[in-house]
Amino acid sequence: MFEGFFKSFRTFFNKLFKSKKNIRLGCYGSPNAGKTTLANKIAKDIIGEEVGVASNIPHETREVVEVEHIEIENEGRKLSINLVDTPGIATKIDYEDFLKFGIKKKDAKNRAKEATKGVIEAIKWLDKMDVVLVVIDSSKDPYTQVNITILGNLEARNIPVIIVANKIDLKKSNINKIQKMFPQYKVVGISARTGKNMDELYKTIFEVVK
Amino acid sequence: MKAEKKKVDLEFIPFENLRKMTIRDQVKYIIKKSKENKILIFDSKLTPQEEAKLISETMKHIDNKFSGIEICSLYSDNNTSFTGKVMDFFFKTFTGKSRGTSIIGPAKVIKEIKRDPESISILMK
Chain L
1 MFEGFFKSFR TFFNKLFKSK KNIRLGCYGS PNAGKTTLAN KIAKDIIGEE VGVASNIPHE
61 TREVVEVEHI EIENEGRKLS INLVDTPGIA TKIDYEDFLK FGIKKKDAKN RAKEATKGVI
121 EAIKWLDKMD VVLVVIDSSK DPYTQVNITI LGNLEARNIP VIIVANKIDL KKSNINKIQK
181 MFPQYKVVGI SARTGKNMDE LYKTIFEVVK
Chain R
1001 MKAEKKKVDL EFIPFENLRK MTIRDQVKYI IKKSKENKIL IFDSKLTPQE EAKLISETMK
1061 HIDNKFSGIE ICSLYSDNNT SFTGKVMDFF FKTFTGKSRG TSIIGPAKVI KEIKRDPESI
1121 SILMK
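For the protein sequence lines, the chains are L and R, in the order given.
Using this note's numbering, the letters of the first sequence map in sequence onto residues 1 to 210.
Using this note's numbering, the letters of the second sequence map in sequence onto residues 1001 to 1125.
Please keep in mind that the hints were generated in silico from the structure rather than gathered at the bench.
Just to be clear, a hint being listed does not mean it is correct.
Straight-line C-alpha distance at most 25 Å; calculated DSS-like pairs for lysine-lysine [claimed, not checked]:
| hint | chain 1 | residue 1 | chain 2 | residue 2 |
| --- | --- | --- | --- | --- |
| 1 | R | Lys1007 | L | Lys92 |
| 2 | R | Lys1108 | L | Lys105 |
| 3 | R | Lys1111 | R | Lys1060 |
| 4 | L | Lys140 | R | Lys1007 |
| 5 | R | Lys1065 | L | Lys100 |
Since this is a predicted model, take the numbers as computed values, not measurements.
Isolated chain L, as found in the complex (with noise of 0.2 Å):
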């Protein structure tokens, strides 16, 4: 009974005093958009280490993963966030795919096997997001169902969305594109491989925080 107590009274404790600037950053897009290079970028910049594995094969990340309390500063102002970074969301996965990396077929079965589940908690995430950074690969065509039903789903709960446009230091990269597709949202180009422009994603993630 009393540690019920304590915890309800821990509770409301914690909202009283709650920061407002602590938000909950999440990571969403395709596979192979970059989320990983992107949160390993943002975490690498401000704590010094790294979120996880980033890679050319798809799926590599297939569990949510969450890093507290990173803080950004932009302008004298601080932000506290949780940077969330999320597997890829796709409407098929095929462990034949993965055969094609060299990757053996049991292994490649469970790794279908554990990006299945890791597409369902990224969905069930969404709920949890104070602001999502929508992750597209700029060299490839943006206007894919994914990304189409990400948006839509962020824009029926209300989370302020950023478009980063990633891998601008490819030649294909094609930023307008993207801006074109999406005309309702602000989108920034950047390369999270190179760190390029950065300083404007994260007076932008300051932006729409305010």
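Fit chain R to the known structure of chain L by using the hints.
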């Protein structure tokens, strides 16, 4: 030797049929049909929440034989005319759906659905 011809079934689903179903039943129905290698064409657009639910449920059904689905939802309201907006408003208010078209099929049959805001092309395997 004659190459075996692949047969693809297209099934048109009138909106009326969907309206009678709960989201759960709609999703079950779509996955069942996709597993039967059928491509479904709906005369209304699934809501983003329905799409998310469909994706989540599809993931639970993926195995060695069924690798998931391809979805393409298109709005019919790309024109931003006043009349179009009013029609959308009433359609959504009374039916809970958006005007538009959704095409859903098994990923084993459909390689990719490419779209621009006003048209789609389906690449078959």
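Cross-check of the supplied hints:
Only pairs whose Cα atoms come within 25 Å are accepted, and Lys1007(R) paired with Lys92(L) is accepted, the gap being roughly 21 Å. Distance check on the hinted pair: Lys1108(R) and Lys105(L) sit about 18 Å apart at the alpha-carbon level, within 25 Å; holds. For the hint pairing Lys1111(R) with Lys1060(R), the CA-to-CA distance comes to about 21 Å; that is within 25 Å, so the pair holds. Proximity of Lys140(L) to Lys1007(R) is assessed by CA-CA distance (about 31 Å); at most 25 Å being required, the pair is judged violated.
Distance check on the hinted pair: Lys1065(R) and Lys100(L) sit about 18 Å apart at the alpha-carbon level, within 25 Å; holds.
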